[in-house]
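> Please model the entire structure based on the sequences and the hints provided.
In the order they appear, the protein sequences are chains A and B.
The UniProt record's numbering numbers the first residue of the first sequence as 1 and each following residue consecutively.
The UniProt record's numbering numbers the first residue of the second sequence as 1 and each following residue consecutively.
Don't read these hints as lab results, they were simulated from the structure.
The C-beta atom is built at its ideal place from N, Cα and C for all residues, glycine as well.
Each hint should be verified, as a subset may be incorrect.
Said to hold, decoys possible - For lysine to any residue, the following SDA-like pairs were computed, each having C-alpha atoms within a straight-line distance of at most 20 Å: (1) B:K10 to A:P155; (2) B:K67 to B:E348; (3) B:K10 to A:L132; (4) B:K33 to A:P155; (5) A:K103 to B:V281; (6) B:K107 to A:A177; (7) B:K10 to B:Y36; (8) A:K218 to A:A188; (9) B:K164 to A:L68; (10) A:K103 to B:D323; (11) B:K10 to A:L161; (12) A:K103 to B:K164.
Claimed, not checked - Derived Cβ-Cβ restraints for the label pairs, each shown as a range: (13) B:Q335 to A:K69: 30 to 36 Å; (14) B:K44 to A:N75: 34 to 40 Å; (15) B:K47 to A:L132: 57 to 63 Å; (16) A:E164 to B:D30: 18 to 24 Å; (17) A:R195 to B:D268: 51 to 57 Å; (18) A:Q129 to B:E48: 32 to 38 Å; (19) A:K82 to B:T324: 41 to 47 Å; (20) B:K370 to A:G71: 56 to 62 Å; (21) B:E43 to A:E164: 39 to 45 Å; (22) A:G238 to B:D30: 51 to 57 Å; (23) A:L132 to B:K370: 53 to 59 Å; (24) A:N2 to B:P148: 57 to 63 Å; (25) A:K12 to B:C183: 30 to 36 Å.
Chain residues, written in single-letter form:
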Amino acid sequence: MNRIKQLFRDKKDILSIYYTAGYPNLNDTVPILETLEDAGADIVEIGIPFSDPLADGPTIQHSGETALKNGMSLNVLFDQLKDVRSKVKMPLILMGYINTVHKFGIETFAKKCNEVGVDGVILPDLPFQEYLDNYKDTFDQYGVSNIFLITPQTPEERIKLIDEKTNGFIYMVSSAAVTGAKKGLSEAQLAYFDRVNKLNLQNPALIGFGIGDHESYKETCKYADGAIVGSAFVKLLGQAKDLHGEIKSFIKEVKGI
Amino acid sequence: MSQKYNADEKGMYGRFGGAWIPEMLQPNIDNLKKVYLDIINTEKFQKEYLQLLKDYVGRPSPLYYAKRLSEKYNTNVYLKREDLNHTGAHKINNTLGQILLAKEMGKERIIAETGAGQHGVATATACALMGLKCVVYMGALDIERQAPNVARMKMLGAEVVAAKSGNQTLKDATNEALRDWICNPEDTFYIIGSVVGPHPYPDMVARFQSVISKEIKEQFKEKTGSEYPDYVVACVGGGSNASGTFYHFLDDEKVKLVAVEASGLGVDSGETAATIALGDVGIIHGSKTFLMQDDDGQIVEPYSISAGLDYPGIGPQHAHLKDTDRAIFLDATDQEALDFALEVTRLEGIIPALESAHAFVALNKLKLTKDDSVVITMSGRGDKDMGTYMDRFNLK
Numbered sequence: 001m002n003r004i005k006q007l008f009r010d011k012k013d014i015l016s017i018y019y020t021a022g023y024p025n026l027n028d029t030v031p032i033l034e035t036l037e038d039a040g041a042d043i044v045e046i047g048i049p050f051s052d053p054l055a056d057g058p059t060i061q062h063s064g065e066t067a068l069k070n071g072m073s074l075n076v077l078f079d080q081l082k083d084v085r086s087k088v089k090m091p092l093i094l095m096g097y098i099n100t101v102h103k104f105g106i107e108t109f110a111k112k113c114n115e116v117g118v119d120g121v122i123l124p125d126l127p128f129q130e131y132l133d134n135y136k137d138t139f140d141q142y143g144v145s146n147i148f149l150i151t152p153q154t155p156e157e158r159i160k161l162i163d164e165k166t167n168g169f170i171y172m173v174s175s176a177a178v179t180g181a182k183k184g185l186s187e188a189q190l191a192y193f194d195r196v197n198k199l200n201l202q203n204p205a206l207i208g209f210g211i212g213d214h215e216s217y218k219e220t221c222k223y224a225d226g227a228i229v230g231s232a233f234v235k236l237l238g239q240a241k242d243l244h245g246e247i248k249s250f251i252k253e254v255k256g257i
Numbered sequence: 001m002s003q004k005y006n007a008d009e010k011g012m013y014g015r016f017g018g019a020w021i022p023e024m025l026q027p028n029i030d031n032l033k034k035v036y037l038d039i040i041n042t043e044k045f046q047k048e049y050l051q052l053l054k055d056y057v058g059r060p061s062p063l064y065y066a067k068r069l070s071e072k073y074n075t076n077v078y079l080k081r082e083d084l085n086h087t088g089a090h091k092i093n094n095t096l097g098q099i100l101l102a103k104e105m106g107k108e109r110i111i112a113e114t115g116a117g118q119h120g121v122a123t124a125t126a127c128a129l130m131g132l133k134c135v136v137y138m139g140a141l142d143i144e145r146q147a148p149n150v151a152r153m154k155m156l157g158a159e160v161v162a163a164k165s166g167n168q169t170l171k172d173a174t175n176e177a178l179r180d181w182i183c184n185p186e187d188t189f190y191i192i193g194s195v196v197g198p199h200p201y202p203d204m205v206a207r208f209q210s211v212i213s214k215e216i217k218e219q220f221k222e223k224t225g226s227e228y229p230d231y232v233v234a235c236v237g238g239g240s241n242a243s244g245t246f247y248h249f250l251d252d253e254k255v256k257l258v259a260v261e262a263s264g265l266g267v268d269s270g271e272t273a274a275t276i277a278l279g280d281v282g283i284i285h286g287s288k289t290f291l292m293q294d295d296d297g298q299i300v301e302p303y304s305i306s307a308g309l310d311y312p313g314i315g316p317q318h319a320h321l322k323d324t325d326r327a328i329f330l331d332a333t334d335q336e337a338l339d340f341a342l343e344v345t346r347l348e349g350i351i352p353a354l355e356s357a358h359a360f361v362a363l364n365k366l367k368l369t370k371d372d373s374v375v376i377t378m379s380g381r382g383d384k385d386m387g388t389y390m391d392r393f394n395l396k
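The following block contains the structure:
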């Protein structure tokens, strides 16, 4: 059984943390990962920085720019991750824009993910049909899950199709926004969560965008298998004086442990 | 019109195009894809659009036989005078089409990206005309460099928002506009200024600019009695005036299509915008096309003296025209463009925009005979470039 499936079978109220590879410093990627696992994060999404991150707000944009200046690239990242499975056990996801992966080579990318022990990838600007036609077989061959986003505007038919054809989890974007934009849950959002829950999807679902503290984490966990925290965590990385100490207290605070 | 060089129903031009967008944009794009052809093909839409092109833009723009330029190059040069349009360039053909579409779709707020400000001015103009709210994203650096156009947009009632990410130029302004659209999916329409972006934009913008080649065809026949010119030539950044210039000639293979890219300080100088000459395949702003990128797939900032041509990608249709050898791609350096800007001005009394000046380089690079006829699209007028011309030609 793959690590993602096992995690969702064994645990509830999953906390997934997003951060950008190579930020705040080039070699922070793996040490941050270890601290996150120690502190109680359940899944980690490692962002691949890109020059033109059109779905990201200012916080993650800034982290990506810094990471690129620091020298981060897919080659460097896979090199940093080569012994990662001797260090952490939790599911690892890579998240990035399609151009960097396209340039790296789809097959090489999937193979590298498999080699270092990356369980899944999120490529927000890979169209779902394109994935089915030209990418899915390759990722399946290397046992790498593809995770897709849905939003309040995504039609039910499309949600069902995404659920049917993927095997990681469903990434529920909480509202029409770029990352880091909005806070708090509205009536419309609650209705959207209900609507998705009634579809009885085979995959678990995590809610992301606008979640950054214990209250919003607990609240979203009522409507899905867990929550994704991105911008709030990246902001902390940018400001922290005691990086690893502050990561620990942040995770414990969000989880309420 | 055959589908050989146009988009298929998925928005693919051969192996290029498509809609590579995050799920947050999917409903907007799906909706636009579903309605755009139905709306723009209605009699009501066409009537209103053509009326505006005639009475407001001043179309048809003349096809002018450039006698002295023809003598100098020992061939027959015709200029398609898009520079005489209201707002001074071809951009208005597209913004009026898209704003009528936006109105028909019940949208209340318009957003646009702009580099040098020409598309921003054309959009702000259309919004003033229609009484719609207008927000234009412009790189912070470009805002500094293009103060007169910023003032024009503001006078027209638009809000100009500085894009402060990345290198603070056109590609960053486009990112910001896309982010705005993600956050405002219900009431907002995004008017893209070139044949770039996710499907259906490249096809839609090409259709709105196709009036250029429609008129060339009619005017050329009226002037010369022959059906087709031997060459039609346009400069290309994203490629909207080139798409418009080529559109009705795509299937007439005896008409040679010529696109001139900006090579800045030279194709291999590192300071260039010659996407076709340098680029390899990638995905930018929702479209698969040739683009300038480094070995890690990071998009490289382009350079050209002309702000309208420094885009790191190119419309997917042009990538396909390159792939199929249907079009000839040339490039022109800053200096070559400047030389032609001065020459065209002195021979014909027409000051071209820096972008358009690049197109004339074809006169040097094509092997033309005295019997050939060459139509060059003068995409815009040079007023906005007087600062550069004053510096480079010692006019102060």
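> Against each hint, give a clear statement of whether it holds in the structure.
Against the structure, the hints:
For the proposed pair K10 (chain B) and P155 (chain A), the alpha carbon gap of about 19 Å is at most 20 Å, so the pair holds. Between K67 (chain B) and E348 (chain B) the CA atoms are separated by roughly 8 Å; this keeps the pair inside 20 Å, and the hint holds. Proximity of K10 (chain B) to L132 (chain A) is assessed by CA-CA distance (about 14 Å); at most 20 Å being required, the pair is judged to hold. As the CA atoms of K33 (chain B) and P155 (chain A) are separated by approximately 16 Å, the hinted pair is consistent with the 20 Å bound.
Proximity of K103 (chain A) to V281 (chain B) is assessed by CA-CA distance (about 8 Å); at most 20 Å being required, the pair is judged to hold. Proposed proximity of K107 (chain B) and A177 (chain A) is supported: the alpha carbons are some 19 Å apart, at most 20 Å. At roughly 14 Å between alpha-carbon atoms, K10 (chain B) and Y36 (chain B) fall within 20 Å of each other, so this suggested pair holds. Pair hint K218 (chain A) plus A188 (chain A) holds up; C-alpha atoms about 18 Å apart against a cutoff of 20 Å.
At most 20 Å may separate the alpha-carbon atoms for a hinted pair to count; K164 (chain B) and L68 (chain A) meet this at roughly 17 Å. In summary, the hint linking K103 (chain A) to D323 (chain B) is supported, as the alpha carbons are separated by about 19 Å, within the 20 Å threshold. Simply put, K10 (chain B) and L161 (chain A) have alpha-carbon atoms about 18 Å apart, close enough for the 20 Å limit, and the pair holds. Straight-line distance between C-alpha atoms of K103 (chain A) and K164 (chain B) comes to about 26 Å, which puts the hinted pair past the 20 Å bound.
Between Q335 (chain B) and K69 (chain A), the C-beta spacing of about 33 Å keeps the proposed range 30 to 36 Å intact. In this structure, K44 (chain B) and N75 (chain A) break the distance hint of 34 to 40 Å, their C-beta atoms being roughly 56 Å apart. One distance hint, 57 to 63 Å for the beta-carbon pair K47 (chain B) and L132 (chain A), is violated here, with the actual separation near 42 Å. For the pair E164 (chain A) and D30 (chain B), the supplied restraint of 18 to 24 Å holds, since their beta-carbon distance comes to about 19 Å.
Between R195 (chain A) and D268 (chain B) the beta carbons are some 55 Å apart, a value that agrees with the proposed interval 51 to 57 Å. Checked against the hint of 32 to 38 Å, the C-beta distance between Q129 (chain A) and E48 (chain B) comes to roughly 35 Å, which is consistent with it. Remark: the range hint 41 to 47 Å for K82 (chain A) to T324 (chain B) is upheld by a beta-carbon distance near 43 Å. In this structure the hint that K370 (chain B) and G71 (chain A) lie 56 to 62 Å apart at CB holds, the actual value being about 58 Å.
Between E43 (chain B) and E164 (chain A) the beta carbon distance is about 43 Å. The supplied range of 39 to 45 Å therefore holds. Look at G238 (chain A) against D30 (chain B): about 36 Å separates their beta carbons, and that is not inside 51 to 57 Å. About 56 Å separates the C-beta atoms of L132 (chain A) and K370 (chain B), a value consistent with the hinted range of 53 to 59 Å. Here the CB-CB span from N2 (chain A) to P148 (chain B) is close to 59 Å, well matched to the stated 57 to 63 Å.
Checked against the given bound of 30 to 36 Å, the beta carbons of K12 (chain A) and C183 (chain B), roughly 32 Å apart, stay inside it.
Of the hints listed earlier, those the structure fails to meet are numbers 12, 14, 15, 22, in rising order.
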